[in-house]
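Asker: Residue numbers (the working numbering), protein chains in the order written: chain A, 13 to 213; chain B, 3 to 223.
Hints listed in this document are in silico derivations from the structure and should not be mistaken for laboratory results. Among the hints, a few may not be true.
Said to hold, decoys possible - Keeping only pairs whose Cα atoms sit at most 25 Å apart, straight-line, the calculated DMTMM-like set for lysine to aspartate or glutamate is:
id, chain 1, residue 1, chain 2, residue 2
1, A, LYS141, B, ASP83
2, A, LYS141, B, GLU93
3, A, LYS141, A, GLU167
4, A, LYS141, B, ASP223
5, A, LYS141, A, ASP130
Chain by chain, the residues:
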Amino acid sequence: MISHVHIEDLSIRRGERLLFEHLSFAVAPGEAVALTGRNGAGKTSLLRAIAGLLRPAAGTVRFEGVAEADEARSRDLHLLGHLDGLKGGRTAREELAFAAGWCGADSAGLARAAEALDLGRLLDLEVRKLSAGQRRRLSLARLVAAPRTLWLLDEPLAPLDSIWRERVGALIAGHLAGGGMLLAAVHDPLPAPHRTVEVGG
Amino acid sequence: MSPLVVLLRRELALAWGRGGGPLPALAFYAGVTTLLPLAIGPEPERLAVIAPGIAWLCLALASLLSLERLFERDHEDGALDLLALGGPSLEAICAIKALAQWLATGLPLAFAAPVAALMLGAPVGLAPVVFACALVGGLAFAFVGGLGAALALGSRRGGLLIAVIVLPLFAPPVIFGGGALSQAAMGAGQISGLLLLCGWALTAVALSPLAMAAACRNALD
């Protein structure tokens with residue numbers, strides 16, 4: 013299990029443009045960090061660098077409590093980007109079963125996720141018939157179905173209404189209470205106790 | 003269930019869902035092999051000589067058709083991120099995707115190939131060789147084609163780029179398969195052409211997942 017995340021002296025460059033440099037902070041168990049900054053400051057790139065999908069120009073991302081970073085990433089980390097990876101032509105049930113099953117969820121986990129995000133009525137619909145908020149709930153479901161320690165979320169609340177922002181806030185609080193960690197790129201305030209890191213200030 | 007089995011089932015379901023699975027490739031194949039005699043002339047003797055070769059070459063071209071969406075679809079909608087962060091390595095994921103491509107289009111085309119060869123007037127005895135070449139060659143085309151599809155990720159006009167990358171790599175299997183067919187037509191009992199084709203297919207299956215995974219990593223970065 014990942015016990016701490018250390019971002020050490022990280023610099024990220026996209027093409028010729030330097031997004032940010034010398035960024036250092038750490039995330040401890042039970043802690044949520046909201047990444048703020050203007051559009052294009054590099055919040056999404058930072059999340060992708062932590063997930064190992066993007067090579068930083070300098071600096072390292074270090075996970076404590078695991079032998080190998082890549083192994084930790086494939087077992088103990090969820091990345092939810094603003095592209096949700098859902099296929100419009102498949103039913104919500106098929107997509108949830110695949111995404112959660114791919115992350116190692118069992119059928120009990122699937123049932124728990126459908127319950128927590130109130131997906132019961134939506135599961136038989138094709139994904140393209142869902143509203144933006146419903147799609148987001150469907151993609152958040154895999155975080156509940158397959159428990160992993162570190163959540164990396166990119167604008168998780170953007171399409172959600174106020175009721176669902178509160179309920180997702182409660183999910184996040186539950187995740188943190190269980191020793192989980194959260195890094196989220198946000199513009200709206202995160203509905204759970206958190207500290208803020210400014211990216212690309 | 004193993005994650006790779008879950009992935010294979012999803013890939014097959016997507017192949018059927020996104021455009022009728024093998025139907026476009028089969029329709030193209032049927033179209034070309036039907037139109038060709040009209041262009042070449044109706045003499046049965048001439049057609050019978052070239053029938054196996056034509057059935058074989060058209061199959062190679064038909065297997066190019068559905069490659070473009072193989073990786074592009076998952077790259078566009080973010081599913082490739084999810085795949086990359088699952089348990090299995092990116093190499094295994096790419097191999098499964100290419101395997102699904104073969105099962106969804108290569109295998110149906112392999113059953114169509116002997117039918118097309120016989121329709122064009124090839125001797126009945128050649129049908130098993132045509133089938134064997136199509137089966138093994140299709141595997142090579144799927145894995146080499148998958149490599150082209152992964153390298154073309156993120157580019158506009160990906161389909162054109164795939165064809166440019168892949169066609170030179172299709173040349174050796176097309177030559178080996180053609181050799182196997184002419185050996186069979188002469189009836190000398192030699193199978194060296196088919197063995198070379200098998201060798202090429204195995205090399206593609208072994209090596210192309212490494213290159214596909216590297217290309218995907220590059221596209222995600």
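Asker: Are there hints from earlier that the structure breaks, and if so, what are their numbers?
Answerer: Those not satisfied are hints 2 and 4.
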